Amino acid sequence: MTNWAILSGIEGNLAAYEAVLADIKRQRQPIEELYILGDAIAAIPESTNVIQRIRSPRPDEPVPQVCQGWWEEQLLILHGLGRTGEPTELIERYGIEMVKTLWDAIPREMVEWVRSLDFGLFELDCLLIHGSSVDVGDELTPDTPAIQMLDRLMRMDANMLFCGRSGLTFQYEIQQGSVTSSITTLDQVTTPQAILVKPRQVIGVGNIGRIPGQATYTLYNPYTNHIEFRTVRYGSGKGFQPLKDKLFPPLNNRLMT
Amino acid sequence: MKIAVMSCIHGNYEALNAVLSDIDDQNADKVYCLGDLVGYGPHPNAVVEMIRALDIPTCQGCWDEDIVEGLNSCECSYPSVLAEKRGKVAHDWTNQVIHPEVREYLAQLPLSLRDDNLCFVHGSPHNQHEYLMPEVDAFVAMERVLATGADILFCGHTHVPYVRSLDVGQLQIRVKLTGKSEPQNTSFSAPLKRIVNAGSVGEPRHGRPNATYVIYDNDTDQITLREVEYDYQKTCAAIIENGLPPVFAWRLSKGLEYAERADDPTHVCER
Amino acid sequence: MPSLNITLVSGPPGAGKTTWIRQQISSAAETAVYLNLGSGNTPNDFRRACAIDPTYLAAEVAGLTVLPVEQLTDFLAHPLAGSAVYVELGFHIDLTSLILPDQMADCQRVAVLPPGTRHTEWHGWADLVVTGVETGAVLSQPHLWRSVLSGQVLDLASLNTFWYELTHGAYGTVQRAKGIFDVADGRSLHFDFVTGLAEATYLELNLPRWLNGRPDRFSGIEVVGEALEQEAIAQTIKECCLNDQAIAYYQQQIKDSLDPGDEVA
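Here the protein sequences come in this chain order: A, B and C. The numbers in the first sequence follow the working numbering, run straight up by one, and end at 257. The numbers in the second sequence follow the working numbering, run straight up by one, and end at 1271. The numbers in the third sequence follow the working numbering, run straight up by one, and end at 2265.
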């Protein structure tokens, strides 16, 4: 019996990550696998501490398996190691000053580690990824059209897609579906065929570090297919309204309302 | 109104002429072109000049982009090292002979065109390089049409023409948010959507050397796949005369693509 | 001197000489020795000689000894008692001027010929005519082209394209083509084509995967046909080959994915 903890978006918030590690240890069913779906860092120097913590799990903690997130990709772009040359998306979103802020926040020796991370992880029939099979910035939400969700799942032929881009926790089940397809070529006409969809799911795993005092993540049992969303309150934020961080506006405003 | 749609001319002037004559004979009112005007074939400038002279609305293909941007495709867009080496030979040759104004014209081509409920792209709405093969999963195919908001998606790139009808599409979903709320059940349905692949004028791959294109009649809602004979030997001779690899001529005469296709047709390079 | 059970096998390209020998060896209980005359001067030096048939038989037939030509004299002086010896003659070897060692004088001569073949020099020469397979039209000017590829590693997708083109007339009229190729995943593949026969896919030779640099074993190609564009063939094969960096990359990938028990070289 294996239980997984899946989280995303620590965003340099070590206190939040510690709180979640403590919550993982408190689970009655021991957690054997820990997946971190990107955005372990943000453009703050504290990210360094998070990287160090991720890389040095204690003996009683699962060894984290980490993939790249949006922030990691921006960092690699700045260092000329990304898939595109220009940090256009970073500047559009946060302004030109953010280029220097991010550059200064993460020391060079950490960049190699970031570079070594996979874009996504595939375990059993599950795709674990920050955005989606299309792009690290692809934001899947409870409102994403069903056909688009299905496309993201089918691109990697995954039955379960765990993602963290939206920061939301949600369980999006495609229960059934059908379409009638027929094809005419120069040489033949096929009679219409009904194509059925097999059930598949997209899981939003939550966000650890964005809201001070409150972290959300996901527990999953791949054998029973059971999903549990966890909310962990910790530190000074406990009992207070979430604080708006001026430097880092939330990527999704719904979170703050 | 009859709308003719053609694609993938690949510098084959003989084939383009034959298809344009056939379009005249069919009394088409409008013509669209889905790109890949150049690459592989011996007459890239003449083909582009003809398309411009006739003012045919055209979207940009992957070869047109590569000639403008410099060879940008990564090795994964080639199915084999042999195909890659041949592709590079064709690219370098085209790059050398192409006129500056032709390059400028290719650079400003749009990635997609719209006409009422019709959408025109080279590969797929998401990417010029994506192959929408007839065997692509029906739901993936439906997503490509729905992503455009159109009812009929015209594409090329695979060099084999087909019409695919996707009807009575429906999906049942259940969405559950954190803890509190009850799960929401929603259903989605889509009326008839179609993907029409225009085949290839200049580099057919359906096993015969004839050029292919399609005609859509929006009064009758009929789609016709056209196959047009032309003097492919002339193009073959020009390929050899111009110092392009002779095997291109052989493949053209057999109705084989010059370079074979990737194993995973939906694979799109992330680079 | 012990009497030797020697069979000489001759016939046109693609008629089925090697296949017939393989069948004889497989159905016999005794051990067998195989020798190929006409596949090059020194078949044990696979860098220079084209040794497709010996390599194929050695990999596929258990207990078969493949004898290099220059060891023939030694072998005849000290033969293995009770073993059957098969000597395959290349189609281009002139039977009338063939001079055999004395010990081979009373051997059996077998010609493997396509169905319906009449009145050829093989009929006069052979003790036994075996009906092989149809090889299509007889070429008036058959030409043999061969190339040793030992040490080269090919990309399989490229090789498949090349083989399709070669056997469908892109480089001249090909009547017979065979080859052994090392491919990126470490396997050694045997390709075989005869005009008119159903298209067969390649056979994976029973050899360990080669995953440490350039393979130190035989690979090569042999083509029989008319108006062969040799330069284009050679150039295309060259374009199917991987460079050192790519070879190392694929070999590492395969090593990482193999089970510890898998046999590698």
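Just so you know, these hints were derived from the structure itself, not from any lab. Errors might be hidden in some of the hints.
[Said to hold, decoys possible] According to the in silico footprint, chain B covers these stretches of chain A (three or more CB under 8 Å from chain B): (1) 60–71; (2) 109–118; (3) 148–157; (4) 175–183.
[Unchecked claim] In silico EDC-like links for lysine to aspartate or glutamate, alpha-carbon gap of 20 Å or less: (5) Lys-2255/C <-> Glu-2229/C; (6) Lys-2238/C <-> Glu-1084/B; (7) Lys-25/A <-> Glu-228/A; (8) Lys-1176/B <-> Asp-143/A; (9) Lys-1254/B <-> Asp-1221/B; (10) Lys-1254/B <-> Glu-1241/B; (11) Lys-1254/B <-> Asp-2244/C; (12) Lys-198/A <-> Glu-1135/B; (13) Lys-1030/B <-> Glu-1084/B; (14) Lys-1085/B <-> Glu-2231/C; (15) Lys-1002/B <-> Asp-1116/B; (16) Lys-198/A <-> Asp-1137/B; (17) Lys-1176/B <-> Glu-112/A; (18) Lys-1085/B <-> Asp-2216/C; (19) Lys-100/A <-> Asp-118/A; (20) Lys-25/A <-> Glu-46/A; (21) Lys-198/A <-> Glu-1084/B; (22) Lys-1030/B <-> Asp-1116/B; (23) Lys-1176/B <-> Glu-173/A; (24) Lys-1176/B <-> Glu-139/A; (25) Lys-1254/B <-> Glu-173/A.
Predicted model, so just to flag it, every value in this text is computed and none were measured. Beta carbons: idealized from backbone N, C-alpha and C, even for Gly.
Check your understanding: Has the given pair, Lys-198/A with Glu-1084/B, been kept, meaning a C-alpha gap of at most 20 Å?
Key -> Violated: Lys-198/A and Glu-1084/B sit about 37 Å apart, past 20 Å.
Exercise for review: For the pair we were handed, Lys-1176/B and Glu-112/A, check the Cα-Cα distance against 20 Å.
Suggested key: The hint is violated at about 38 Å.
Check your understanding: Are Lys-198/A and Asp-1137/B close enough, with their CA atoms no more than 20 Å apart?
Key -> Satisfied, since the Cα-Cα distance of roughly 12 Å is no more than 20 Å.
Review point. Does the alpha-carbon distance linking Lys-1254/B and Asp-2244/C stay inside the 20 Å limit?
Key: violated (35 Å)
Check your understanding: Holds or violated: Lys-25/A with Glu-228/A, Cα cutoff 20 Å?
Key -> Holds, at roughly 15 Å.
Check your understanding: Given the proposed pairing of Lys-2255/C with Glu-2229/C, does the C-alpha separation stay at or below 20 Å?
Key -> violated (38 Å)
Exercise for review: Decide if the proposed pair is consistent with the structure: Lys-1254/B and Glu-173/A, CA atoms, cutoff 20 Å inclusive.
Suggested key: Given that 20 Å is the threshold and the Cα spacing comes to 48 Å, the pair is violated.
Review point. Taking only the CA atoms, is the gap from Lys-1254/B to Glu-1241/B under or equal to 20 Å?
Key: holds (19 Å)
Review point. Residue count check for the region 60–71 of chain A against chain B: does it reach three with CB-CB under 8 Å?
Key: Result for this restraint: violated, n = 0.
Check your understanding: Would you say the region 109–118 of chain A counts as covered by chain B, given the rule of at least 3 residues with C-beta under 8 Å?
Key -> violated (count 0)
Review point. If you draw a straight line from the CA of Lys-1030/B to the CA of Asp-1116/B, is it 20 Å or shorter?
Key: The given pair, whose Cα atoms are some 13 Å apart, holds under the 20 Å limit.
Review point. According to a criterion of three or more residues whose C-beta lies within less than 8 Å of a C-beta of chain B, is the region 175–183 of chain A covered?
Key: With 9 residues closer than 8 Å to chain B, the region 175–183 of chain A meets the three-residue bar; holds.
Figure legend: structure checked against the earlier numbered hints; hints not met, in rising order: 1, 2, 5, 9, 11, 13, 17, 18, 19, 20, 21, 25.
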